[in-house]
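Chemist: Sequence:
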Amino acid sequence: AHGTGTPVGDAIEVDAINRVYGGKRTRPLLIGSVKAVVGHTEECAGLTGVLKTMLCLRYKTVPPQPNLGFINPNLDTCASKIVIPRTAQALVDPDSSKPVVCAVSSFGLSGTLAHIILEGEGQGICLQSASNGHEQVFILSSPSTQQLIFTMRRFISFSNSVGAHMASFNEVCRTSRSARDPLPYRRAWVARSWNEL
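Heads up: the sequence shown begins at 40 in our numbering, then just goes up one per residue.
Among these hints, one or two may not hold up.
To be verified - 20 Å max Cα-Cα, derived EDC-like pairs, lysine to aspartate or glutamate:
#1 LYS91 - GLU52
#2 LYS120 - GLU52
#3 LYS137 - GLU158
Calculated directly from the structure, the hints in this document are not laboratory data.
Start from the sequences and build out the full structure, keeping to the hints where you can.
Modeler: Set out below in structure tokens:
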């Protein structure tokens, strides 16, 4: 939610969210506002909400709403499925493989309104095994031989850590090929999975 922080503005926004997304929901409709964490970020207020939502999708968790004292009595949360989380909430239904969908609203001071829908992965998609079984090329490059050896050691350390199991094998390989500068000293591997690499 944008979260204007006013009794009337918040009530109108929550009512609109409930009318659009409440419907015949069986699970709670979790809402929160990043404003309570960072304040009003003026021109980039919407972007701040998008970043928070992307983190929620990435970690499949909605954090508790900080600084939440009492609920505005004008918010009709009882008659709806709307919940403002006081503790971290799982974002996915463990019995569903459907993708998670989140919405972000931003209301500008000049009357500009924006609403964006973001879709995450379904519960059935596991990042650590997100390999299509096809061979992938993984590349490391550095400005010197010594730096390449150092980079290889750092990557080995990463691949043995928890971090590697949170990352998609295909995405890490793609990033190594397309989002890194091709420096003079290079090493490439072909593999189908983290274990094979």
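Chemist: Evaluate each hint against the coordinates.
Modeler: Hints, one by one, checked against the model:
A hinted pair counts as satisfied when its Cα atoms are at most 20 Å apart, and LYS91 with GLU52 qualifies at roughly 19 Å. At most 20 Å may separate the alpha-carbon atoms for a hinted pair to count; LYS120 and GLU52 meet this at roughly 14 Å. For the hint linking LYS137 to GLU158, the alpha-carbon distance of about 10 Å falls within 20 Å, and the restraint holds.
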